[in-house]
Amino acid sequence: MFSAIFLGVLALFAIFSAARSPYMTNQYVSREQPVQFSHKHHVSDDGIDCRYCHTSVETSSYAGIPPTKTCMNCHSVLFNNSAYLELIRQSYRSDQSIEWIRVHRLADFVYFNHSIHINKGVGCSSCHGQINQMPLVFQASSLLMQWCLDCHRNPELELRPKDQVFNMDWKAPENQAEIGAKLRVAYKIRTTAELTSCSTCHR
Amino acid sequence: MDKMSQHENHEHTQDLHNQDASATRAPLNLAPAEDLKPRESPLDLATVRSKLQSKNGREYWRTLEELAGNPEFEELLHREFPRQAPSEWDDSVDRRNFMKLMAASLALAGLSGCGPSPQKFIIPYVKQPDGLTLGKPQYYATAMPFGADAIGLLVESHEGRPTKIEGNPDHPSSLGATNVYAQAAILNLYDPDRAQVVTNFGEITTWSAFLDSAQAVAAELKGTRGEGFRILTGIINSPTLAAEIQALLSLYPSARWHQWEPAVGDGAREGAKLAFGSYVNTVYRPEKADVILSLDSDFLGSGPGHIRYAREFSRRRKLDGPVHTMNRLYVIEPTPSVTGATADHRLPLRASEVELFARALAGQLGLRGSAAVPAGAEKWLEVVAGDLQNHKGSSLVVAGEQQTAEVHALAHAINAALGNIGTTLCYTEAVEASPVNHLESLRELCADMDGGKVDTLVMVGVNPVYTAPHDFDFISKLKRVRHSVHVSSHFEETSAYCEWHVAESHFLESWSDARAFDGTLSVIQPLIAPLYHTRSARDVLGAFGDKPGISDYDALRERLKSANPSADFEKFWRQTLNDGVVAGSAFAPLNVSLRFSPASLPAAKPATSSGELEFIFRPDPCVYDGRFANNGWLQELPKPVTKLTWDNAALVSPRTANKLGLEHDVAWRGGEHGKIFSATVDIILSGSKVTAATWTVPGQANGVVVLPLGYGRKRAGYTGTNKGFNAYMVRSSAALWNASASESAMARTGATYPLACTQYHFNMEGRQILATGTLAEYRKNPNFANEHDEPPPKELSLYKGEAEYPYNRDKWAMAIDLNSCNGCNACVVACQSENNIPVVGKDQVMRGREMHWIRIDRYYTKAKSPTDDPSTYDETLDNPETFFQPVPCQQCENAPCEQVCPVGATVHSAEGLNDMVYNRCIGTRYCSNNCPYKVRRFNFLRFQDWETPQLKLMRNPEVTVRSRGVMEKCTYCVQRINIGRIEAEKRNRPIGDGEIVTACEAACPTQAIVFGNMNDPNSRVAKWKAQARNYAILPELNTRPRTTYLAALRNPNPELEKL
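Taken in order, these protein sequences are the chains called A and B. All the letters of the first sequence, read from the start, carry residue numbers 57 to 259 under this note's numbering. All the letters of the second sequence, read from the start, carry residue numbers 36 to 1094 under this note's numbering.
Quick caveat, the hints were computed from the structure, so don't treat them as lab data. Here the structure is a predicted model, which is why all the values come from computation and not from measurement. Heads up, none of these hints are tricks.
Pulled from the structure, derived: some chain B residues nowhere near chain A, Cβ distances all over 12 Å:
(1) Pro288
(2) Arg403
(3) Lys427
(4) Ala564
(5) Thr715
(6) Thr756
(7) Arg783
(8) Pro789
(9) Asn821
(10) Ile957
(11) Met1049
Partial list, derived from the structure: chain A residues whose beta carbon lies under 10 Å from chain B:
(12) Glu114
(13) Thr115
(14) Ser116
(15) Ile121
(16) Thr124
(17) Glu155
(18) Trp156
(19) Ile157
(20) Arg161
Glycine included, each C-beta is placed from N, C-alpha and C at the ideal position.
Just chain A, with the same shape it has in the complex (with noise of 0.2 Å):
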């Protein structure tokens, strides 16, 4: 009877760490892309800031894919002979768009909005993770409700001075806590209680 019961909660226990774990979120999959490109190089070789492709990321819900042009804007100079970029400048010519592979998918029944994120001082990596050391990019987290309302529950461990928010190299002070609590003063963040309605982000 006790085993049975055992086996019954282990089963259970399974079942609900299979649901989370990456297998299902599909947390830690790289994705081939059909272009093979590398924020990592674009990133931290090159030095180009987020912005520069994701343009909307500060005032609009989505941060942006880049259109083809922009892609052209350096390549049609450099590298501009490479096989590699030959996707890029056939899609430049045909007007017919790259088909790149989504990484980050959030659960249907979710409205996200980059920007109002970006602007109260929570950083790109705090989410993405360091897409700068990703040769391919994959999801960082686990993008699941529970990690959600982690942050929406107690921002302040998150919060970064605003010119730290496209550091993807940041990495929380020792006095996080502290700081964090000041910034969420500083930014007007509003309460727990308003932060985790469910209208928040589900309508």
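Please build the complex by placing chain B on the supplied structure of chain A, with the hints as guidance.
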């Protein structure tokens, strides 16, 4: 083969057997068998009358059954989701199939849960358009041409897809508001049934094939100076399109242009000609008028400029306190309209008696009219004449679109005599490019077609096979025309009889212009490239000219350039596109002189005698003349007064219904409490017959039968075909608006027809939910709306309330001014468009399952009687006071719905909204059962169309598209709140008042709805709520709703009150 059929037979018997089994076991029927028998009790008017007699004081009722207090009705009230109807599903499923389906779906459901989500793609632009920020909507100014008006619009576009229509605040005919047609136009654009190609005798062909054919015709026409070339259009108020027609007419001097607008009468045009000698346009300024008399005019609900007129009119009915004054509206009309429902005094008269009244009024005002007064209107006449005379220069007399030229001319003369010209109304040159008498114009065309004089006929924006008077027999005449071209959005009745049909572009797909009711020139700019192979009307006409192929864009720019030669054109062009209107283009008031004396009128045609029936034709308030028949939003929209959906019906007064024995039986069975079996009648007028359902309308003039136009379409599309009856079938040119006939013209068939009426749904058990009074009562006791029930003390509650929710920043709330609301329905369609609300269809409406998040309840009041004489109470049925009450989710502070949800799918937000979390909802419907306001809507089936690609384009990406089994309700447009909050927070400032506007508030012509932050004492909503007139529905329940109402007031004339 034999085996096969044997096998089939075997299957068949087994199925039968299973059906039997399921019938005996009744797995889906929870009710005992005897309950499933339809229990229909015919409406008994005698009971209604006696109930009315026993009621005292001001009471409200919505349906005759409610008033009569049928036991079935009472029982119904106690069950929100009454016992399941025998067939819960569209197609009933037997037990065997049910098990099969369930087994399959259970297995699949298990599988789909076991695996990572599939790969998705991101497809960016190659070159992103300038000015586009992904994820942010853009707004473009454009205009919707409608009759002799254009409604200025701002259209929301998401990445190139227009999704929502709003009014343009800079446009004179909109002032930021819209009407139902403008709101629903977005669905017309994405209508999957639209014609998509050019066809020749129904065969798909190409535009260039049409162009070749048109040019061949043009070459012939040049030789004959255009002999036999005819153009038939509706009202044209686009100068660019008119210029194209004029160019053809000058190229082909013998060609002729005819016009036919079926639902707009010639009375206004001919009346102006009678009074002033030319077709001048009348522009009203209701804001300046203290006393308004409407002679059968629905100027607040339809006709050119009505959105603006409703706004101006309601400005004079906004009261901040008892010191304020109100205007006064008298309405004389044969059938209740939204204008009549708003009136302070309303007199039902037959349409033919309105002219008699107008003549008598002219006489009373010393204009030598006539002395004959319609029976029962003597006192009225005296009082109204007196009131008008006391307000010289600040009164207004408005004549109705469907009234005769004489009534219009008399209204002009009366306004002139009262010194109103220049203050409460003015005259301008005609808005129409070429005003003509449409009936005569069509008559002439038909005669010429009959005489073989018409060789080529191009029809634009008209559907004469459907709309022409039946005695013109348009079809047989059309068959005599060699080349016929029809340009329309759908392949319609007329298209089927034409050589060519060219699919017409929607106004959101093409460049054009149009003049508003006051002459203001509006530019129509497209929001999207044509979805199909469609062309504009101007393009098609241009094909017959000598310069075909000029684009609409170039034609429009050329015309604007020639009209504004000196200005820096590019700057002017950009400014005009931005504003949506050409600045300062409204027509200047004309100095007109009256060339008319009421004495010079020929003797009036005798009104319909009391023994006869008077049949009157009116455009339908939802589908208009039939052009919106395929629009599901408008079909399902409850008509403002009757609250019927999906059908029209011959409307009669209660007395007439009683006299003719026209009953309607409500099917109280199961959930079908929106299904009303009404008696059908055969109507025979001028030798033509139509069979119609009937409907009883309190407040209609006795002996009048209203036949709403626009239904009974044969080729409208999936949604609109074969709905209702076609009133055009009995409409003759001799009696275009009124037809008198003996009572035998309308004979009962003995059959009944089910009508879907929403006024039987969501009933609140006759509690005091509407507060109304008169201005005098209000002045005496400003707090009258709150005196019925003292709300329980705040402490007396199990809810934690504000202890749990401090509402430090924003506390969203809404106030609705019932004194302004005229029940026009614009908010209902606006909500449907903004919130991706599905259409459910007639069958589901009859089961009480319509999905509108905001409904407008229509209430009648029982008149107060000074005496105990029961006979006076009859007046209540004959002419009840009418009120409208929009009911969205009340967003209760102590919300009963939240407490009963077992899965926490509806919870309180920190700003006080009752959030609805669709992904948690499992569909228990407890919340809806516990909602005292009956504002929650359940997706019984998957009402939303998820497959049709065009409809996907239309949806608001900011709102979830809900599926089956999920409860939903008004969210106060939480998507707009979130966007407004995020934008304000990014700038670290509080959200300003008026920054967040709900869809219903934005659409409202009368600004009856205000949304905002209750915590801000300077917000509009806080100020409204501070008024004494402010009251909550059902305060005794201590739900503390955030949505409250300002009591409706009427400003009756004490002299008529004494009656």
